[in-house]
Amino acid sequence: ETGVTQSPTHLIKTRGQQVTLRCSSQSGHNTVSWYQQALGQGPQFIFQYYREEENGRGNFPPRFSGLQFPNYSSELNVNALELDDSALYLCASSLKAGGRLGTDTQYFGPGTRLTVL
Amino acid sequence: AQSVTQLGSHVSVSEGALVLLRCNYSSSVPPYLFWYVQYPNQGLQLLLKYTTGATLVKGINGFEAEFKKSETSFHLTKPSAHMSDAAEYFCASQGAGTALIFGKGTTLSVSS
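Protein sequences, first through last, are from chains A and B. If you count the first sequence from 1, position 79 lands on 79 in our numbering, and the numbers rise without skipping. Our numbering runs 1000 ahead of the 1-based position in the second sequence.
Take the hints with a grain of salt, since some may be wrong.
Pairwise CB distance ranges, derived in the manner of DEER restraints [claimed, not checked]:
| id | chain 1 | residue 1 | chain 2 | residue 2 | range |
| --- | --- | --- | --- | --- | --- |
| 1 | A | Gly-99 | B | Leu-1007 | 31 to 37 Å |
| 2 | A | Pro-62 | B | Ser-1026 | 36 to 42 Å |
| 3 | B | Glu-1064 | A | Leu-67 | 35 to 41 Å |
| 4 | A | Thr-105 | B | Ser-1084 | 33 to 39 Å |
| 5 | B | Lys-1069 | A | Glu-53 | 30 to 36 Å |
| 6 | A | Gly-98 | B | Pro-1030 | 16 to 22 Å |
Think of the hints as simulated: they come from the structure by calculation, not from any bench. Here the structure is a predicted model, which means the values were calculated and not measured. For each residue, glycine too, the CB sits at the ideal point set by N, CA and C.
The shape of chain A in the complex, shown without the other chains (with noise of 0.2 Å):
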């Protein structure tokens, strides 16, 4: 069994640009979460896909956007990247039974370290 797998493992980039992380769910989830962990801190809830529709977003601003593809793999995108976008973008995946509110355990992929210069 696959577990979670993210890439790119490490990127940089600069203030302005934008960026695409990827990350490829474990073998019979349906559902995606993405969190930022600033360095230091706990990881913060960005939002979570479910079956393609987003399904619970934290408070982070537009310029963060996702998709979930039909084999459920998923990408996060940021726009307009600012400094404080640094941090450690951590994908989780998980098997939501009995529908989009059904609590679900969540297994985490190793991470993609955005650098913002």
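Please arrange chain B on chain A, whose structure you already have, making use of the hints.
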């Protein structure tokens, strides 16, 4: 709104000593609760979870946690620390639906 508080940003123990990492949650209804571990430059690994039923939950690597509703706590313990336990530990809660709400984390150091 849900919140998670981890008491002590840094805990130091000797190898073989008891490990106790504290977590308190704030929620109008008992949430699902989780402990994750993060090794340097890696993602989060699930240690254990509480959903319903038995309040003492056993996880991987000899860790366990007890859900105490009256104290709104979910403290993580391990009877005997090993050098390989040195890492960052995160407590998280989840209500109905989506997001995990994480605490700020506790760094565990283990000395020989």
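Comparing the hints with the structure gives:
1. A:Gly-99 with B:Leu-1007: 31 to 37 Å: 36 Å, holds
2. A:Pro-62 with B:Ser-1026: 36 to 42 Å: For Pro-62 (chain A) and Ser-1026 (chain B) the Cβ distance comes to about 29 Å; the hint is violated.
3. B:Glu-1064 with A:Leu-67: 35 to 41 Å: Hint holds: Cβ distance 39 Å, inside 35 to 41 Å.
4. A:Thr-105 with B:Ser-1084: 33 to 39 Å: 24 Å, violated
5. B:Lys-1069 with A:Glu-53: 30 to 36 Å: Since the Cβ atoms of Lys-1069 (chain B) and Glu-53 (chain A) sit about 34 Å apart, the hinted range of 30 to 36 Å holds.
6. A:Gly-98 with B:Pro-1030: 16 to 22 Å: Given a distance of about 18 Å, which is inside 16 to 22 Å, the answer is holds.
Consistency note: the structure conflicts with the earlier hints numbered 2 and 4.
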